[in-house]
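Novice: Chain order of the listed sequences is L and C. The opening residue of the first sequence carries number 0 in numbering that gives the first Met the number 0; numbering runs sequentially from there. The opening residue of the second sequence carries number 0 in numbering that gives the first Met the number 0; numbering runs sequentially from there.
These are calculated hints, taken from the structure and not from any lab test. Predicted model only: the values in this text are computed from it and were never measured. All C-beta atoms in this analysis are idealised placements derived from N, C-alpha and C, irrespective of residue type, glycine included. Misleading hints may appear alongside valid ones.
The list that follows gives simulated cross-link-like pairs (lysine-lysine, DSS-like), each with its CA atoms no further than 27 Å apart [said to hold, decoys possible]: (1) L/K29 - C/K29; (2) L/K12 - C/K12; (3) C/K29 - C/K7; (4) L/K29 - L/K44; (5) L/K44 - L/K7; (6) L/K75 - C/K29; (7) L/K29 - C/K93; (8) C/K75 - L/K29; (9) C/K7 - L/K29; (10) C/K12 - C/K29; (11) L/K12 - L/K44; (12) C/K93 - C/K2; (13) C/K75 - C/K29; (14) C/K12 - L/K29; (15) L/K29 - L/K12; (16) C/K93 - C/K7; (17) C/K75 - C/K44; (18) C/K93 - L/K93; (19) L/K7 - C/K29; (20) C/K44 - C/K93; (21) L/K2 - L/K12; (22) C/K29 - L/K12; (23) C/K75 - C/K93; (24) L/K44 - L/K93; (25) L/K93 - L/K7.
Derived DEER-like restraints, expressed as beta-carbon distance ranges [to be verified]: (26) L/R58 - C/S57: 28 to 36 Å; (27) C/T67 - L/H73: 39 to 47 Å; (28) C/T48 - L/S15: 24 to 32 Å; (29) C/S68 - L/G69: 27 to 35 Å; (30) L/G101 - C/D14: 38 to 46 Å; (31) C/R56 - L/G69: 18 to 26 Å; (32) L/K29 - C/T117: 16 to 24 Å; (33) L/K93 - C/G101: 15 to 23 Å; (34) L/G49 - C/K93: 35 to 43 Å; (35) C/G17 - L/E60: 19 to 27 Å; (36) C/D14 - L/E5: 27 to 35 Å; (37) L/G101 - C/K75: 25 to 33 Å; (38) C/K75 - L/Q27: 18 to 26 Å; (39) C/S95 - L/G69: 22 to 30 Å.
There are 2 protein chains.
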Amino acid sequence: MTKADETKELQLKFDSNGLIAAIAQDYQTKEILMLAWMNIEAFNKTLETGEAHYWSRSRQELWHKGATSGSIQHVKEIRIDCDQDALVMLIDQKNSGACHTGRRSCFYRTIQEDGSLTFTNA
Amino acid sequence: MTKADETKELQLKFDSNGLIAAIAQDYQTKEILMLAWMNIEAFNKTLETGEAHYWSRSRQELWHKGATSGSIQHVKEIRIDCDQDALVMLIDQKNSGACHTGRRSCFYRTIQEDGSLTFTNA
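Next comes chain L alone, as it looks inside the complex (with noise of 0.2 Å):
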């Protein structure tokens, strides 16, 4: 077997809980949006319809994002990295933002040199 980094092969590498980090980036801006997981069931689910499915860790359910908010993610691409245990997904994403709160990124404050966070203007 080739190894993990060479290869063309897909070897997926999940954690102990059987999840494996997705970080949703949007394909235009390239911008981060949020970083969540994915089972092997979200991982197929993806693949297959090409939008984002994730397993929430909070509710314990497979989640496909957007099916109640509107904010679906079109996947683009999916990347993987060199030890197969991360993803990288180039998203379409619909509605207003891919964060809870509304805004279009997770990533909306930044944390300073002091330890306080600041919220960012995007």
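Start from chain L and add chain C according to the hints.
Specialist: Relative to the frame of chain L, chain C by itself:
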């Protein structure tokens, strides 16, 4: 206490292994370079020094990125997500790249619809 998603107070949420996911993103091109993990010590070292430190899960030790390879990651900004369990670092990546394979990004392969991988040109 203000909720984690609207507070200006840092309330880092580590997982059951004491780790938090940290995405390194090129501060200019917005390319995602890698995803790695920090414990509280790695986070504090990163904030103090302005150079990315991680927790190596394979070696089980503090990992000053680039300390041996020269591929230091100068941290321009650290962002935190709504529920404070993921970080994005805007990075000035020294030397050729972030990946141990010598590539600039760890995300150099695309998953095709049939599940095979293709190497990107980047």
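Novice: Does each hint hold? Answer for all of them.
Specialist: Outcome of the hint check:
{"no.": "1", "hint": "L/K29 - C/K29", "verdict": "holds, 6 Å"}
{"no.": "2", "hint": "L/K12 - C/K12", "verdict": "holds, 23 Å"}
{"no.": "3", "hint": "C/K29 - C/K7", "verdict": "holds, 25 Å"}
{"no.": "4", "hint": "L/K29 - L/K44", "verdict": "holds, 24 Å"}
{"no.": "5", "hint": "L/K44 - L/K7", "verdict": "holds, 21 Å"}
{"no.": "6", "hint": "L/K75 - C/K29", "verdict": "holds, 17 Å"}
{"no.": "7", "hint": "L/K29 - C/K93", "verdict": "holds, 21 Å"}
{"no.": "8", "hint": "C/K75 - L/K29", "verdict": "holds, 17 Å"}
{"no.": "9", "hint": "C/K7 - L/K29", "verdict": "holds, 26 Å"}
{"no.": "10", "hint": "C/K12 - C/K29", "verdict": "holds, 25 Å"}
{"no.": "11", "hint": "L/K12 - L/K44", "verdict": "holds, 17 Å"}
{"no.": "12", "hint": "C/K93 - C/K2", "verdict": "violated, 37 Å"}
{"no.": "13", "hint": "C/K75 - C/K29", "verdict": "holds, 12 Å"}
{"no.": "14", "hint": "C/K12 - L/K29", "verdict": "holds, 25 Å"}
{"no.": "15", "hint": "L/K29 - L/K12", "verdict": "holds, 25 Å"}
{"no.": "16", "hint": "C/K93 - C/K7", "verdict": "violated, 31 Å"}
{"no.": "17", "hint": "C/K75 - C/K44", "verdict": "holds, 14 Å"}
{"no.": "18", "hint": "C/K93 - L/K93", "verdict": "violated, 35 Å"}
{"no.": "19", "hint": "L/K7 - C/K29", "verdict": "holds, 26 Å"}
{"no.": "20", "hint": "C/K44 - C/K93", "verdict": "holds, 18 Å"}
{"no.": "21", "hint": "L/K2 - L/K12", "verdict": "holds, 13 Å"}
{"no.": "22", "hint": "C/K29 - L/K12", "verdict": "holds, 25 Å"}
{"no.": "23", "hint": "C/K75 - C/K93", "verdict": "holds, 13 Å"}
{"no.": "24", "hint": "L/K44 - L/K93", "verdict": "holds, 18 Å"}
{"no.": "25", "hint": "L/K93 - L/K7", "verdict": "violated, 31 Å"}
{"no.": "26", "hint": "L/R58 - C/S57: 28 to 36 Å", "verdict": "holds, 31 Å"}
{"no.": "27", "hint": "C/T67 - L/H73: 39 to 47 Å", "verdict": "holds, 41 Å"}
{"no.": "28", "hint": "C/T48 - L/S15: 24 to 32 Å", "verdict": "holds, 31 Å"}
{"no.": "29", "hint": "C/S68 - L/G69: 27 to 35 Å", "verdict": "violated, 45 Å"}
{"no.": "30", "hint": "L/G101 - C/D14: 38 to 46 Å", "verdict": "violated, 26 Å"}
{"no.": "31", "hint": "C/R56 - L/G69: 18 to 26 Å", "verdict": "violated, 37 Å"}
{"no.": "32", "hint": "L/K29 - C/T117: 16 to 24 Å", "verdict": "holds, 20 Å"}
{"no.": "33", "hint": "L/K93 - C/G101: 15 to 23 Å", "verdict": "violated, 37 Å"}
{"no.": "34", "hint": "L/G49 - C/K93: 35 to 43 Å", "verdict": "holds, 37 Å"}
{"no.": "35", "hint": "C/G17 - L/E60: 19 to 27 Å", "verdict": "holds, 26 Å"}
{"no.": "36", "hint": "C/D14 - L/E5: 27 to 35 Å", "verdict": "holds, 29 Å"}
{"no.": "37", "hint": "L/G101 - C/K75: 25 to 33 Å", "verdict": "holds, 27 Å"}
{"no.": "38", "hint": "C/K75 - L/Q27: 18 to 26 Å", "verdict": "holds, 22 Å"}
{"no.": "39", "hint": "C/S95 - L/G69: 22 to 30 Å", "verdict": "violated, 42 Å"}
In summary, the structure is inconsistent with hints 12, 16, 18, 25, 29, 30, 31, 33 and 39 from the numbered list given earlier, while agreeing with the others.
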